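Undergrad: This is what each chain is made of:
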Amino acid sequence: MPAPIRLRELIRTIRTARTQAEEREMIQKECAAIRSSFREEDNTYRCRNVAKLLYMHMLGYPAHFGQLECLKLIASQKFTDKRIGYLGAMLLLDERQDVHLLMTNCIKNDLNHSTQYVQGLALCTLGCMGSSEMCRDLAGEVEKLLKTSNSYLRKKAALCAVHVIRKVPELMEMFLPATKNLLNEKNHGVLHTSVVLLTEMCERSPDMLAHFRKVRQLSSSQLVPQLVRILKNLIMSGYSPEHDVSGISDPFLQVRILRLLRILGRNDDDSSEAMNDILAQVATNTETSKNVGNAILYETVLTIMDIKSESGLRVLAINILGRFLLNNDKNIRYVALTSLLKTVQTDHNAVQRHRSTIVDCLKDLDVSIKRRAMELSFALVNGNNVRGMMKELLYFLDSCEPEFKADCASGIFLAAEKYAPSKRWHIDTIMRVLTTAGSYVRDDAVPNLIQLITNSVEMHAYTVQRLYKAILGDYSQQPLVQVASWCIGEYGDLLVSGQCEEEEPIQVTEDEVLDILESVLISNMSASVTRGYALTAIMKLSTRFTCTVNRIKKVVSIYGSSIDVELQQRAVEYNALFKKYDHMRPALLERMPVMEKVTTNGPAEIVQTNGETETAVLETKPPPSGLQPANQANDLLDLLGGSDITPVIPTAPTTKPATAGGELLDLLGDLNLTGSPVSAPAPQIAQPPFLLDGLTSPPLFNDIAAGIPSITAYSKNGLKIDFTFERSNTNPSVTVITIQASNSTELDMTDFVFQAAVPKTFQLQLLSPSSSVIPAFNSGTITQVIKVLNPQKQQLRMRIKLTYNHKGSAMQDLAEVNNFPPQSWQ
Amino acid sequence: MIKFFLMVNKQGQTRLSRYYEHVEINKRTMLEAEVIKSCLSRSKDECSFVEYKDFKLVYRQYAALFIVVGIDQTENEMAVYELIHNFVEVLDKYFSRVSELDVSFLIS
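Chains W and G are the protein sequences, given in the same order. My numbering puts the first residue of the first sequence at 1, with every later residue one more than the last. My numbering puts the first residue of the second sequence at 827, with every later residue one more than the last.
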């Protein structure tokens with residue numbers, strides 16, 4: 001049979017194919033030729049055939065029949081055969097095929113071959129597709145090769161060791177002694193692969209990490225200083241032609257070393273300190289005109305953010321990111337946005353400085369950048385900038401691609417709930433979202449919105465009017481229609497009476513309202529859930545409206561024979577209500593009571609109830625929904641934990657009526673005669689939005705002077721506790737409070753213990769008191785120092801618990817301290 | 827970690843592919859087609875990093891050939907971008923002014 005064609009010929013032939021079908025034909029013909037050639041056991045052309053087979057495999061055609069041939073090639077003595085054989089093994093074989101175990105012996109022999117290139121081939125293949133059995137068998141050989149002086153082999157052996165460790169983590173200790181000398185090499189290839197090996201070891205095993213961090217006998221063999229030295233050489237050395245990339249010497253090695261330093265420095269003070277200098281040096285010396293320099297700076301910034309670096313270094317890093325943001329190159333901006341997202345949790349204020357640039361990125365054309373900018377914007381919204389940010393975000397919602405709309409809408413709801421400055425603004429924002437992206441809003445947002453609307457009692461008229469106007473024109477967006485029909489059902493009387501303080505009241509007759517609800521019912525666009533809402537709304541209006549009750553009766557009876565089972569059931573029940581239970585109708589359908597969102601952790605609860613009674617309210621609280629972030633039923637009695645009061649909004653409503661919302665919600669759960677799914681929602685535990693803003697004062701951006709007035713925090717039964725404040729200008733988020741406890745009665749107070757608890761956003765540190773006895777007649781005091789960390793500059797509040805023995809009996813008291821002067825926390 | 831390395835031309839023909847994780851053979855062609863589609867739809871001034879399923883693609887265009895590298899979250903995207911360019915420079919040195927034709931015959 002004629003000699004099989006060369007690979008080049010094959011490629012040329014395939015390239016002449018015009019269509020996919022032609023190409024497939026050619027390939028099948030060639031495959032058949034190759035298969036018959038394999039059957040003939042032809043040694044001379046086997047290599048050529050397998051090469052062709054590999055090419056066809058790359059194009060996407062099945063090539064599994066060539067696996068055994070690869071093995072035969074590996075066993076041959078010719079180098080060209082071995083090369084193709086190993087390549088084929090890497091591409092075609094993996095641990096799923098049983099055939100691969102046959103390779104183990106071949107690889108073992110080749111690892112000890114005289115030619116380094118053959119050894120190299122074997123190492124490559126093992127490192128690429130070795131299964132765990134193969135790795136176990138051959139790990140000893142690999143380790144031996146890791147110690148040779150041949151740098152070509154050493155670097156391949158290091159990479160192979162990485163693969164072995166990934167497959168069989170128990171063998172990691174075996175490679176440990178070999179790593180001692182790896183970093184002493186000059187050859188960059190070996191350095192690079194050894195850094196990869198060390199990175200893999202440190203990532204996989206915390207023991208290894210601890211081992212590499214600790215001090216060893218000889219300081220020269222310590223890992224972090226070694227890495228720092230190598231990095232320094234790379235930066236300081238002059239032009240080296242073999243490693244130069246656009247003026248920077250071996251940037252790939254630099255990036256790898258920085259990554260390893262990051263892993264070593266994470267959560268470890270000593271290592272972080274050792275690398276502070278070199279990081280600063282890299283950050284300042286690297287040229288930023290080319291992409292290479294920016295890549296190194298990016299890695300440096302990530303490292304600085306992750307380790308326990310000093311604050312000067314962190315500021316440097318954030319400044320670098322700020323510079324990146326202003327750069328014209330899209331890649332750099334994308335990278336800056338990604339890293340800022342990672343750091344916004346820890347360095348919130350620093351990132352706020354770049355807020356306007358980030359908001360501009362929302363208008364960028366690039367999809368990736370827009371997504372990052374959106375996520376970052378949501379992370380940056382806070383009480384101060386919420387109005388401006390919301391305007392930008394709503395504008396973004398209007399114009400963005402559909403894939404973003406759902407995320408953006410939920411983000412806006414969350415942010416609005418947390419930081420809304422006024423109810424009207426909140427409702428306006430929700431309305432805007434519903435009208436622009438109504439169909440992308442998530443389904444669970446509807447019950448939340450309805451609850452929100454019922455809470456804002458004075459806005460009912462305004463809300464229902466706006467909703468009515470919104471669905472007059474267009475009732476295709478389901479969530480909007482659902483909310484609107486519910487509200488119309490509840491507050492229809494307000495709508496027709498035409499009272500509305502906030503806006504120009506519109507004149508609507510009862511018939512018009514019923515018209516719109518009926519069209520929702522009839523329309524093809526309405527989902528069956530929406531129809532349910534509409535029907536219930538019509539029914540509720542029967543008690544609110546006066547002249548159209550007959551019409552309502554007619555509508556309800558029509559739907560008694562509807563095909564939709566849910567509608568039919570509702571209609572039949574409502575019919576029964578009209579006919580047999582007409583006397584109960586007004587009572588059943590009356591206005592829904594305000595669903596108080598009971599908070600487990602608003603300070604209002606603490607003011608009214610003291611410890612024990614709070615638990616009663618807590619128990620009736622069902623679990624929070626996923627939408628409300630970070631609100632848990634905290635154990636308010638646990639003061640020693642130090643952080644259980646968690647207001648998300650800085651406003652502190654002091655006199656919130658403590659309607660036991662818990663019981664109410666249970667009541668609503670039973671009332672499913674009203675039918676609306678809203679009446680039995682999983683009650684949300686969230687903040688009462690913006691009730692009584694008495695305690696927030698506008699932020700005074702005055703200088704933090706030393707003269708902060710002291711206050712009397714507690715004065716009862718002869719025990720007086722004064723607070724004096726100190727703040728440093730270098731670290732304004734720390735407030736140092738010195739308490740002085742004095743006793744004006746005629747007997748000493750002994751065993752005095754002072755405990756304090758602060759809201760979750762603060763951190764508290766209590767140092768030890770001067771003594772535990774307060775002498776009588778104000779003749780002496782106990783002093784104790786409290787340090788409060790207040791990174792978000794929220795209003796300082798504290799709950800204190802005092803226990804002492806006085807006049808032979810044990811006394812205990814709880815109190816809330818609210819009169820902190822503004823200068824102590826702003 | 828680099829998941830795969832592809833060189834695909836504008837018509838969707840794969841010139842070189844290397845997968846570092848096991849992917850079924852029929853899924854490979856689908857993956858390559860989708861990847862090239864998302865890269866082609868981007869304009870010149872959009873950034874070179876695209877999010878695709880659970881990994882990121884870093885791509886670079888050289889004449890009619892796209893080099894696409896799939897990476898996961900732990901990699902530095904810009905370093906990989908440089909790596910692509912370095913690779914092309916090496917090919918250039920090896921073939922003295924490399925072209926797509928050279929790359930097609932690369933495997934031999």
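There may be inaccurate statements among the hints.
[To be verified] Have a look at the derived ranges for each label pair, beta carbon to beta carbon:
#1 W/290 / G/919: 16 to 22 Å
#2 G/890 / W/225: 47 to 53 Å
#3 G/890 / W/789: 28 to 34 Å
#4 G/863 / W/225: 48 to 54 Å
#5 W/105 / G/877: 18 to 24 Å
#6 G/827 / W/105: 28 to 34 Å
#7 G/836 / W/472: 34 to 40 Å
#8 W/246 / G/836: 23 to 29 Å
[Said to hold, decoys possible] Pulled from the structure, derived: some chain W residues nowhere near chain G, Cβ distances all over 10 Å:
#9 152
#10 333
#11 787
[As the list claims (entries may be wrong)] Okay, derived cross-link-like pairs now, BS3-like style, lysine-lysine, Cα gap no bigger than 27 Å in a straight line:
#12 G/829 / W/370
#13 W/363 / G/882
#14 W/370 / G/919
No lab work stands behind these hints, which were simulated from the structure alone. No experiment lies behind these values; they were computed from the predicted model shown. Idealized CB from N, CA, C, for every residue including glycine.
Undergrad: Now tell me, hint by hint, if it's right for this structure.
TA: Against the structure, the hints come out as follows:
A hinted range of 16 to 22 Å for the beta carbons of residue 290 of chain W and residue 919 of chain G is consistent with their spacing of about 20 Å. The given range of 47 to 53 Å is respected by residue 890 of chain G and residue 225 of chain W, whose C-beta atoms sit roughly 49 Å from each other. Separated by about 58 Å at the C-beta atoms, residue 890 of chain G and residue 789 of chain W break the suggested range of 28 to 34 Å. One distance hint, 48 to 54 Å for the beta-carbon pair residue 863 of chain G and residue 225 of chain W, holds here, with the actual separation near 49 Å.
In this structure the supplied range 18 to 24 Å is violated for residue 105 of chain W paired with residue 877 of chain G, their Cβ-Cβ distance being about 45 Å. Between residue 827 of chain G and residue 105 of chain W, the C-beta spacing of about 30 Å keeps the proposed range 28 to 34 Å intact. In this structure the hint that residue 836 of chain G and residue 472 of chain W lie 34 to 40 Å apart at CB is violated, the actual value being about 51 Å. Judged by the Cβ atoms, the range 23 to 29 Å given for residue 246 of chain W and residue 836 of chain G holds: they are separated by roughly 27 Å.
No Cβ of chain G approaches the Cβ of residue 152 of chain W within 10 Å, the least distance being about 17 Å, so the stated non-interface status holds. The non-interface label for residue 333 of chain W is inconsistent with chain G: the shortest C-beta to C-beta separation is roughly 7 Å, within 10 Å. Consistency note on residue 787 of chain W: stated as away from chain G, and its beta-carbon is indeed over 10 Å from all of that chain's, at 37 Å minimum. Proposed proximity of residue 829 of chain G and residue 370 of chain W is supported: the alpha carbons are some 25 Å apart, at most 27 Å.
Distance restraint check for residue 363 of chain W and residue 882 of chain G: the Cα-Cα separation of roughly 22 Å lies within the 27 Å cut-off, and the hinted pair is therefore satisfied. The straight-line distance between the Cα atoms of residue 370 of chain W and residue 919 of chain G is roughly 39 Å, outside the 27 Å bound, and the hint therefore fails.
Taken one by one, the earlier hints fail for this structure at numbers 3, 5, 7, 10 and 14, listed in ascending order.
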